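So the sequences go chain by chain: A and B. Quick note: the first sequence uses numbering that gives the first Met the number 0, first residue 0, plus one each step. Quick note: the second sequence uses numbering that gives the first Met the number 0, first residue 0, plus one each step.
FYI, nobody ran anything at the bench for these hints, they're computed from the structure. Quick caveat, the model's predicted, so the values are computed rather than measured. From the three backbone atoms N, C-alpha and C, an ideal C-beta is built for every residue, glycine too. Be a bit skeptical, because a hint or two may be false.
[Said to hold, decoys possible] Covered, in the sense of this in silico footprint (three residues per stretch, anywhere, with C-beta under 8 Å from a C-beta of chain B), are these stretches of chain A: (1) 69-81; (2) 101-110.
[Stated by the list, open to error] Chain A is nowhere near these chain B residues, computed Cβ spacing over 10 Å in every case: (3) V123; (4) F137; (5) R161; (6) T176; (7) L193; (8) K203; (9) V237; (10) K279; (11) N339; (12) K441; (13) N462; (14) R477; (15) P500; (16) R504; (17) Q518; (18) S527.
[Unchecked claim] The calculated lysine-lysine pairs, modelled on DSSO-like cross-linking and capped at a C-alpha distance of 27 Å, are: (19) A:K309 to A:K324; (20) B:K88 to A:K130; (21) B:K130 to A:K168.
2 protein chains.
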Amino acid sequence: MKIAVAQINSIIGDLENNKNKILNYYNKGVEQGADLVVFPELALIGYPPLDLVEKKEFRERAAAIHQEIALAAGKTGLLFGSITDSNEKVGTNIYNSAILCHDGKIQFIQNKSLIPNYDVFDEVRYFEPSKLTNVYKFNGEVLGISVCEDIWNDEDYWNNRRYLEDPVKNQIEMGATLLINISASPFSVGKRELKRKMLSVLTKGNNIPLVYASYVAAQTELIFDGASMCFNNSGDLVKLGNAYEEDFFIFDTDEKYNTINKAENCFEEEVLSALIFGVKDYCNKLNFKKVLVGLSGGMDSAMVTYIAVKALGKENVHTVLMPSKYSSKGSIDDSIALVNNLDISHNVISIEPVFDNLTAQLADAFNHLPEDITEENLQARIRGIYLMALSNKHKYLLLSTGNKSEMATGYSTMYGDMCGGLAVIADVYKSDIYRLAGFINKEEKIIPQEIIDKAPSAELRPNQTDQDSLPPYDLLDRILKMYLEQNKEYNEISKVIGDAPLVNRVLRLVDINEFKRKQSAPVLRVSSKAFGYGRRYPIVQGWRK
Amino acid sequence: MKIAVAQINSIIGDLENNKNKILNYYNKGVEQGADLVVFPELALIGYPPLDLVEKKEFRERAAAIHQEIALAAGKTGLLFGSITDSNEKVGTNIYNSAILCHDGKIQFIQNKSLIPNYDVFDEVRYFEPSKLTNVYKFNGEVLGISVCEDIWNDEDYWNNRRYLEDPVKNQIEMGATLLINISASPFSVGKRELKRKMLSVLTKGNNIPLVYASYVAAQTELIFDGASMCFNNSGDLVKLGNAYEEDFFIFDTDEKYNTINKAENCFEEEVLSALIFGVKDYCNKLNFKKVLVGLSGGMDSAMVTYIAVKALGKENVHTVLMPSKYSSKGSIDDSIALVNNLDISHNVISIEPVFDNLTAQLADAFNHLPEDITEENLQARIRGIYLMALSNKHKYLLLSTGNKSEMATGYSTMYGDMCGGLAVIADVYKSDIYRLAGFINKEEKIIPQEIIDKAPSAELRPNQTDQDSLPPYDLLDRILKMYLEQNKEYNEISKVIGDAPLVNRVLRLVDINEFKRKQSAPVLRVSSKAFGYGRRYPIVQGWRK
């Protein structure tokens with residue numbers, strides 16, 4: 000059987016656009032002699048549609064389009080993801096469905112059985128679990144069709160399972176000869192290799208081939224990396240779709256393919272590719288042509304600028320240098336060197352006159368109290384005003400440049416350096432940003448060595464460095480990773496680090512700065528636990544006081 | 000049987016504090032001769048604890064405290080809400096439990112059966128549903144103990160049910176003679192009356208009394224209004240706890256009480272009380288003594304200032320007037336009149352010099368393009384900088400003043416008037432703010448009549464009024480209520496309003512401004528659908544382009 004995998008980038012809620020994309024790729028599949036063309040989970044709807052699915056008119060429009068798509072389907076099957084009504088009087092009344100059309104009709108629907116509701120997934124809010132699992136005979140094969148999470152509960156692979164049922168196992172027991180999983184699974188580092196291994200165990204153990212059709216898109220925070228996979232019945236990965244872009248390919252179950260042994264590239268390459276795609280697709284979908292970055296002379300703004308140039312092209316990235324009296328000459332020179340290396344435009348606008356003016360205006364209301372964090376924040380906020388003014392005037396999307404270590408500890412100013420429409424590297428620890436820089440510079444010296452070598456500093460007071468207030472980043476990031484990503488707590492982390500007061504201080508910094516993160520720009524997610532939608536922590540809490 | 004209801008305000012995660020509160024109220028119940036002292040849902044943990052419950056050390060500490068509480072319990076029963084481990088290998092492994100102790104031991108645990116996962120509820124993320132419903136014989140009664148949502152699925156009351164099971168019905172069938180529901184149910188206008196009616200139908204229909212013990216707290220966005228209720232077996236509400244404060248009272252099932260016919264006050268009174276409590280409890284829990292409000296001369300900032308004074312006292316509310324060249328003399332006079340009426344402190348700091356300085360600095364980078372929205376936003380952002388500077392310098396919590404109509408349509412400036420730690424009235428439509436003002440002024444002329452009478456204006460350009468860009472607020476708010484709270488869509492709303500292009504424009508404004516709301520301060524929730532945690536809408540979507 001020849002199965003075409005159409006790994007498409009749907010726009011959430013844009014049913015007409017997504018329908019046309021589905022029909023175009025279907026026709027391509029027909030032309031190339033496919034028996035079946037497979038699209039990802041919720042291909043017609045976009046993922047995640049969130050509260051959009053609660054709108055009756057939206058669901059009715061989707062249902063009408065299902066009929067249009069079915070009418071366009073001929074002998075070649077067309078399998079796509081969408082939402083359908085359950086017509087029950089209890090619950091949400093909506094299913095997350097795989098819809099199979101051929102010969103002008105919807106012939107078979109398999110609803111999703113396992114409804115994920117952890118980290119970035121909130122599907123129980125929207126979808127009822129399928130009450131039935133079935134198989135469908137088509138062109139001599141018995142298809143076991145499932146939706147995303149349905150394939151993530153293999154008893155042979157997982158020690159701790161989220162669900163009691165295993166719908167894919169049921170389909171195999173019902174005589175399935177070919178598994179098809181339509182998916183929308185957000186990227187995080189290491190997950191593609193995990194998928195490859197998990198799906199290899201499944202296909203090998205059950206002696207059955209699998210088509211795993213992935214969604215590719217950046218949907219604000221979430222990056223869906225594509226990389227659809229096909230396995231033969233020996234558990235070998237034999238087809239791998241492109242990552243971070245639309246793709247279309249044919250998998251013939253009768254053909255012999257070479258085995259692909261690795262699905263994922265190194266940390267640096269994957270993270271950079273994911274972030275570049277995240278910026279590009281967000282700008283495309285919001286129709287922003289150009290972006291703006293404030294250059295401090297430090298590593299973070301250099302990295303964001305590099306990513307922006309790779310995403311949008313050098314002619315679409317503008318930068319601003321905003322020195323103060325605390326800015327070192329090095330900071331300005333290093334920024335100019337970066338601008339030259341990347342061949343992009345820039346402005347230099349001092350914040351000093353505005354700072355002096357502001358502090359004069361506020362002097363009485365300050366009651367002549369001594370300088371403190373207020374004056375540091377003022378500088379960051381003047382820069383925020385400059386950046387937003389240029390963004391408004393020239394229709395740039397402002398990219399914010401905070402890293403994960405900073406976001407975690409609150410080493411950032413609300414309405415200052417936190418300004419922006421997208422937080423590009425806020426899921427990458429500071430120490431990992433250096434790894435990325437090293438990786439970039441291996442091919443071409445783009446990030447000036449001075450930026451890599453200097454001690455990180457906010458330059459908001461004389462001779463300030465980040466390490467005046469924070470532990471060294473390597474140590475800090477080890478603590479943060481355990482706390483944020485491995486869900487460890489104080490005692491466990493202290494045992495590993497051996498410095499309990501420091502661990503307590505860091506964890507407390509993370510907890511008390513939840514209010515800042517509440518107001519941050521959306522964070523592109525590349526780790527298994529990012530700030531944003533997948534992490535929900537109370538702003539007011541007394542667990543750690 | 001004498002049941003003491005201890006309607007307490009727990010701090011999320013502050014297990015020691017919450018334990019002491021539980022033990023103190025328990026002792027009070029013992030002293031007053033109660034047979035059983037009942038605390039709300041998750042009384043030991045605080046509600047909603049969010050990802051805190053995913054921490055093993057947190058759960059272990061809670062489990063240890065359960066034993067301390069049990070040891071302190073004598074003949075008098077102590078029923079409180081907490082989390083317990085399910086010890087299963089599948090799922091989250093955590094229950095949301097009602098724990099009954101007496102005679103030094105945990106005697107009975109009833110886990111929550113119905114796990115809400117809609118609007119502001121995400122409980123499926125954390126809690127497994129109970130596998131068993133049971134009753135417990137105590138002091139001659141058969142107790143049917145349930146947790147919050149468990150009592151919200153009565154087939155006799157609801158047409159569309161969320162769940163198939165009805166655990167409370169099961170308990171009645173098992174011979175329960177007294178129902179006890181421990182609850183943490185966030186306030187919205189009308190909900191308390193709905194509860195009274197629903198619980199009256201239940202108790203009357205089944206000829207059984209009920210103790211409904213409520214949580215009282217403001218947890219950032221969510222306001223839990225207390226108002227615990229007791230019903231006799233004729234369906235009469237006979238005991239009603241205080242709203243918006245801790246309370247303790249005894250309900251004796253053998254005693255005759257007068258019937259209470261109304262549980263909820265008028266719209267204006269409830270909304271004002273809820274918001275006052277919301278501000279007060281947020282400041283208390285974050286240890287902010289004083290708040291700051293920027294006074295524009297308009298209705299919104301006047302309303303927020305009034306609420307702040309009621310919440311914290313006049314000596315703890317500071318205001319700033321920040322006129323520009325577009326500010327009318329009236330705006331300043333009206334603000335001063337308000338300040339005098341409320342007897343609070345203020346500063347006046349012009350934004351003109353800073354505005355002139357900023358535009359001069361930016362002139363080159365603006366390429367001498369004509370004035371546009373940029374300059375309007377600049378003014379709002381200078382005010383934001385002033386407010387944040389005073390907030391930093393004097394440790395004030397800045398209250399933001401946007402209303403729901405503004406938040407909906409994006410008629411606000413990010414990092415400008417949206418600055419603040421708490422959005423006090425962002426769940427109240429502009430037209431409803433006028434209702435509140437009328438209500439306040441009935442007793443005492445506090446809000447100057449000029450503020451009520453003038454046309455709303457942002458005063459960011461000459462002779463600007465809100466109605467230059469928005470439809471009249473009465474009409475706008477009708478559209479917004481249908482769209483946001485009744486979940487209606489374009490066609491349905493257009494039919495009611497009769498102006499399809501206007502409806503389309505308003506709905507589009509709401510949709511495209513999701514990116515602004517992503518970065519807003521937490522919004523105190525008083526409606527059934529507020530911006531914030533309970534509403535999840537994609538920033539990037541093509542449903543409405």
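Here's how the hints hold up against the structure:
| no. | hint | result |
| --- | --- | --- |
| 1 | 69-81 | violated (count 0) |
| 2 | 101-110 | violated (count 0) |
| 3 | V123 | violated (4 Å) |
| 4 | F137 | holds (32 Å) |
| 5 | R161 | violated (6 Å) |
| 6 | T176 | holds (29 Å) |
| 7 | L193 | holds (20 Å) |
| 8 | K203 | holds (24 Å) |
| 9 | V237 | holds (33 Å) |
| 10 | K279 | holds (13 Å) |
| 11 | N339 | holds (19 Å) |
| 12 | K441 | holds (34 Å) |
| 13 | N462 | holds (22 Å) |
| 14 | R477 | holds (18 Å) |
| 15 | P500 | holds (17 Å) |
| 16 | R504 | holds (17 Å) |
| 17 | Q518 | violated (5 Å) |
| 18 | S527 | holds (13 Å) |
| 19 | A:K309 to A:K324 | violated (32 Å) |
| 20 | B:K88 to A:K130 | holds (23 Å) |
| 21 | B:K130 to A:K168 | holds (25 Å) |
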